[in-house]
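Undergrad: Let the sequences and hints guide you as you build the complete structure.
Number of protein chains: 2
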Amino acid sequence: MVIDGLQYANWSEKIFRQFREGGVDAVHVTIAYHENFRETVLNFEQWNRWFERHPDLIVQARTADDVRAAKAAGCTAIIFGFQNPSAIEDDIGLVEITHTLGARFMQLSYNNQSLLATGCYEAEDPGITRMGRQVIKEMNRVGMVVDMSHSAERSTLEAIEISARPIAITHANPAVWHPALRNKSDTVLKALAESGGMLGCSLYPHHLKDKSDCTLESFCTMIARTAETMGVERIGIGSDLCQDHPDSIVTWMRVGRWTREMDYGEGSAAAPGFPPMPDFFADNRDFPNIATGLAAAGFSADEVALVMGGNWLRFFEESFGPAPAAPAEVRPMSVA
Amino acid sequence: MVIDGLQYANWSEKIFRQFREGGVDAVHVTIAYHENFRETVLNFEQWNRWFERHPDLIVQARTADDVRAAKAAGCTAIIFGFQNPSAIEDDIGLVEITHTLGARFMQLSYNNQSLLATGCYEAEDPGITRMGRQVIKEMNRVGMVVDMSHSAERSTLEAIEISARPIAITHANPAVWHPALRNKSDTVLKALAESGGMLGCSLYPHHLKDKSDCTLESFCTMIARTAETMGVERIGIGSDLCQDHPDSIVTWMRVGRWTREMDYGEGSAAAPGFPPMPDFFADNRDFPNIATGLAAAGFSADEVALVMGGNWLRFFEESFGPAPAAPAEVRPMSVA
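From first to last, the protein sequence lines stand for chains E and C. Heads up: the first sequence runs through residues 1 to 336, numbered per full-length UniProt numbering. Heads up: the second sequence runs through residues 1 to 336, numbered per full-length UniProt numbering.
Be careful, since some hints might not be right.
With the Cβ distance kept under 7 angstroms, some of the chain E side facing chain C (calculated, not the full set) [stated by the list, open to error]:
#: 1; residue: 129
#: 2; residue: 259
#: 3; residue: 260
To list a few chain E residues with every Cβ distance to chain C over 12 angstroms, as calculated [unchecked claim]:
#: 4; residue: 1
#: 5; residue: 36
#: 6; residue: 152
#: 7; residue: 164
#: 8; residue: 175
#: 9; residue: 180
#: 10; residue: 185
#: 11; residue: 216
#: 12; residue: 229
#: 13; residue: 233
#: 14; residue: 242
#: 15; residue: 245
#: 16; residue: 267
#: 17; residue: 275
#: 18; residue: 302
#: 19; residue: 323
For the record, the hints were derived by calculation from the structure and aren't laboratory data. Glycine included, each C-beta is placed from N, C-alpha and C at the ideal position.
TA: As structure tokens, this is what we get:
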């Protein structure tokens, strides 16, 4: 089972075929950055057209069982998620609505302050807001995973604590390996692991040591070191593959509608576009390279299987359904 | 000139006639709490219908000159504003659009954290966000007043500092007089006054010492004490009159769409509705009482005129137009 914890490509039949060539059984696909609810629904509609057109290649998944069925049918399962809570606007009722439509992950913030939590580029991080506490409770209830990939440290630690169900950081790496603002401190990674959460290790060059020049060995050794502190069951891949997009899309991701000035985020005025992917992971066809690299870094075959997808599948199983009902209150029997 | 710095009534011909009976020349009217852009446009539409139906009583104002013209015509000028940035959603371009439609005030937050600033009921206040800094710059450019009535302390102090033009607290009182979360510290009031901003003193019972039992003397003595520290030119009235609304409206104001649980805000489970207004100010017909009370509290006739409306008119004059163009850069003449 091979599962990618996050992609945001310029989707096409070519990429769907590359899923199959790379043996990718399931992908968490971003369908909203700054899109509001109505715009996000348009993105669901677009995916409905792709599912109609390519039933031999892709199928929507809402549960872990859907992922297993897709694999058995030789298709790639698509699981939807949002990188920002823009899709629910200011409306807690949209958590359940978007879950019904198929959303299974939502980041509480994307670089900036949101109504729920703080993003990693803000100067200050006050933690989870009043609305954020309510929304986490609602996400827990319906079975939508709290994702803190682009959130700031204190907000992330509070989300781990407040959420009654394990959360995910679908695409980031340890800051100790590469100290980018988007990568995560050991404090966060330990709290994430202790709470039963998941880290998806990212292949986006700004999150990699030596960026586009990062080697497979360096990446897989990082995963081995991280497994020592978090436990191998807590780690998967979240490639953050942004294939075939024009650079205007990275501008949308960074700037949305929140500023009239350019904000280069992880890039710079000199390098404003998408960075080139590392040699060992150009696209979905290169997932076997990662499995090979993990084995070379000392992981057993069973461990490689966990990191390549087994862990995500278990996490999906635990996370995508409604919260287990609270146990019925035990009352003393009436003597009457 | 009598100007009220904020009202949010359940508008009707009865209230428009009470404006005239009370000699009210202009009112800053809230047309959005949690409404998004499209819903706010519906509220502009509703007002267009009222302006058509009651041209003898009310008229829209976009400038201080419009207010003077309304007074000359025996009408009450209506100036629009938002109590939350929900109306601009996540889109900085909507600042100019809503200004074109007539919005002249916007609160950067309403009790909770917004995309721009923190509200006074959050546990933590990290100050103005990245988007907040951009939006203040845009509000300064087009001539929309930053209003921090429902914002938290640090966010308010930073807004005063960041804004290139004076800001307003349209409806609140000094916390030293009545220590409600919504009232303002001396630190805030001094910074507001030094920057040329305005305080509208509120008649909403939760902001009053002794609440609904507050006396005219107590209210006007508070204004006299505040004038000693802020200067009489910095003070107006912002009644926060919420006349004729059912209690369901105060629930909307407090809860919006951000929580599935009840939040009583300034009220309580025992007293969830709108509190009764103080005896001396039941509705717009009672504005003359305030003028009388101010004179009794020691204000001269000229000072009473400033507090009752002259200060707001001057502030509108300075605030509602585009920012003065930056002086052309002086370059050394070329010798060639």
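Undergrad: So, for every hint listed, does it hold in this structure?
TA: Cross-check of the supplied hints:
{"no.": "1", "hint": "129", "in the structure": "4 angstroms, holds"}
{"no.": "2", "hint": "259", "in the structure": "4 angstroms, holds"}
{"no.": "3", "hint": "260", "in the structure": "6 angstroms, holds"}
{"no.": "4", "hint": "1", "in the structure": "36 angstroms, holds"}
{"no.": "5", "hint": "36", "in the structure": "7 angstroms, violated"}
{"no.": "6", "hint": "152", "in the structure": "10 angstroms, violated"}
{"no.": "7", "hint": "164", "in the structure": "15 angstroms, holds"}
{"no.": "8", "hint": "175", "in the structure": "21 angstroms, holds"}
{"no.": "9", "hint": "180", "in the structure": "18 angstroms, holds"}
{"no.": "10", "hint": "185", "in the structure": "19 angstroms, holds"}
{"no.": "11", "hint": "216", "in the structure": "36 angstroms, holds"}
{"no.": "12", "hint": "229", "in the structure": "29 angstroms, holds"}
{"no.": "13", "hint": "233", "in the structure": "33 angstroms, holds"}
{"no.": "14", "hint": "242", "in the structure": "21 angstroms, holds"}
{"no.": "15", "hint": "245", "in the structure": "21 angstroms, holds"}
{"no.": "16", "hint": "267", "in the structure": "16 angstroms, holds"}
{"no.": "17", "hint": "275", "in the structure": "23 angstroms, holds"}
{"no.": "18", "hint": "302", "in the structure": "43 angstroms, holds"}
{"no.": "19", "hint": "323", "in the structure": "14 angstroms, holds"}
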